[in-house]
Amino acid sequence: MEACHSRSNSASQSTTAAQTVALHSYAGKSIFITGVTGFVGKVVLEKLLRSVPKVERIYLLIRSNSRYPTAAERFQAEVATSTIFDVLKDEGEAEFAALCQRKLRFVSGELTAERFGLEESAFAELAAEIDLVVNCAASVNFREPLDDALATNTLSLYSIIQLTRARKVPLVHVSTCYVNGYNEGTIEETIAPPAQLSLPRNEAGFYDVEPLIASMQEKLATLSANISDQDQRQAALVELGIELSQQYGWNDTYTFTKWVGEQVLLQHLGGQALTILRPSIVESTLFDPVPGWIEGVKVADAIIMAYARQKVTFFPGDRQGVIDIIPADLVANSIIVAGAEALGGMPAHRVYQCSSSEQNPLTIKEVIEHVVYEARHHHTNYRKLFLRQPRRPFIMIPGWLFHLGLGMAYSAGACWQTLKGLLGAEASVALSNLDAARKLAGVFSFYTRPRYRFSNKKLRALASRLNDEERAAFPMDTAELDWQHYFRRVHLPGLNHYALDAKRARLKSAAPQRRPVATEVVKVTS
1 MEACHSRSNS
11 ASQSTTAAQT
21 VALHSYAGKS
31 IFITGVTGFV
41 GKVVLEKLLR
51 SVPKVERIYL
61 LIRSNSRYPT
71 AAERFQAEVA
81 TSTIFDVLKD
91 EGEAEFAALC
101 QRKLRFVSGE
111 LTAERFGLEE
121 SAFAELAAEI
131 DLVVNCAASV
141 NFREPLDDAL
151 ATNTLSLYSI
161 IQLTRARKVP
171 LVHVSTCYVN
181 GYNEGTIEET
191 IAPPAQLSLP
201 RNEAGFYDVE
211 PLIASMQEKL
221 ATLSANISDQ
231 DQRQAALVEL
241 GIELSQQYGW
251 NDTYTFTKWV
261 GEQVLLQHLG
271 GQALTILRPS
281 IVESTLFDPV
291 PGWIEGVKVA
301 DAIIMAYARQ
311 KVTFFPGDRQ
321 GVIDIIPADL
331 VANSIIVAGA
341 EALGGMPAHR
351 VYQCSSSEQN
361 PLTIKEVIEH
371 VVYEARHHHT
381 NYRKLFLRQP
391 RRPFIMIPGW
401 LFHLGLGMAY
411 SAGACWQTLK
421 GLLGAEASVA
431 LSNLDAARKL
441 AGVFSFYTRP
451 RYRFSNKKLR
461 ALASRLNDEE
471 RAAFPMDTAE
481 LDWQHYFRRV
491 HLPGLNHYAL
501 DAKRARLKSA
511 APQRRPVATE
521 VVKVTS
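For reference, each letter of the sequence shown is one residue, going 1 to 526 in my numbering.
Derived by calculation from the structure, the hints in this document are not laboratory data.
All of these numbers come straight from a predicted model, not from anything done at the bench.
What follows is a list of derived Cβ distance ranges for each label pair:
hint, residue 1, residue 2, range
1, Y373, A94, 42 to 48 Å
2, R391, D468, 46 to 52 Å
3, A94, H24, 27 to 33 Å
4, A27, A94, 23 to 29 Å
5, L387, A479, 33 to 39 Å
6, R383, D468, 38 to 44 Å
7, P69, R391, 47 to 53 Å
8, E95, S228, 53 to 59 Å
9, K54, E239, 48 to 54 Å
10, E56, E184, 44 to 50 Å
11, H377, G271, 54 to 60 Å
25 Å max Cα-Cα, derived DSS-like pairs, lysine-lysine:
hint, residue 1, residue 2
12, K298, K311
13, K311, K439
14, K103, K29
15, K54, K168
16, K29, K168
Ideal Cβ placement from N, Cα and C applies to all residues, glycine included.
Model the full assembly from the supplied sequences, consistent with the hints where possible.
Here it is, written out as structure tokens:
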């Protein structure tokens, strides 16, 4: 891996290395957060409200829509009703409403629009109010049309840059460990090079991606001009994204456009405090606000779900491969502590990886064993996850064998009878299950045959600079994480209750309550 060799950044980072980091850096400060309607954004917001009481204001950028014409209304309907806030609501609905009234300010805007769609004067007023920007927004669809992924994960950052430049405020940008693409081995906390096609680097050590962005935009314009049918155009945009991503050394459009976004920030924020925080595969919370809280079905869960429903019983991957999973609350803690460092330290470019594979490696074999054990012995505890006890084991096979088997299965005649016997299902069901396996493999098989481990030495060094009390309140270390306990007593129960039984949980959370009083700051222009 090639490290950034900007002299000014190296000097400022070494200056702060021995300094303590304290959460009181947030005292009297105002934070601007994007992506609060998403999974990680909610966990960050909840932790700030509950555990960083001295923060002055939290500005939330939320896109309005036809149903909720202001950011405040959408927050009340889609965010405040989330079960993530149940612990805060235990203090009382009136107290939660008062807390939101004191701390939160809402900005109705569109992340991908210039200046978020705000009038120039409103944007300037917003920039004058904030002391820290935390960018949690992302399009995490691995098969997103290229135009949408590029707009959200890359081009939106130009408005973020403009916002921070007004007062040179720090930025904590949430990226992903998988910006490292097809690179193998130990992946350090530094600038990730393309694994395949090379790109030019400037004198500061950053990759010059402006020509690449222009080239992608040109390809997008040509494609859109040549395909009039909307469905065909969307499919072509997805395929173009996958093609370009893999050409340069990334598995999917999400990770590719996130990498390009990192380079944009590094290039344009010279002399400013920029922290790039890269989580690995983010799953349910370990401790806070409750064990097992999760929203939606994440990377590992899609395969778990397919097995639980017996849609997929074999999958391409390396059983001994180390899969990097990180609980969401450890990610949120890392973001908040990195923000405290940026507020209290010298301007520098910092890269942290919030990961587990270096300290506490978890093999795919272990994950399978935990899931299959619960399926066999405790499936009745998972009303939504296991509709019935799975009858067949889950088998991880080499990729070449998986694809060979699929090819044989889709061919005619004799092979089909053999396949029916192996799968123990009617032909139509077996064919449907094969199709499910094929689709899942197309999206996720890269993550089930890992050839890398993500180093988090710098993040651990950051944690060591907290005092004992704050290190206990904001844990980031995975060294002592008991994976058996996490999967069998935390993650799978949380997946069943919060993600799959979300409607019931949300209704309980939203049952008669006083909604938080909302303060709208600025609205998107028409």
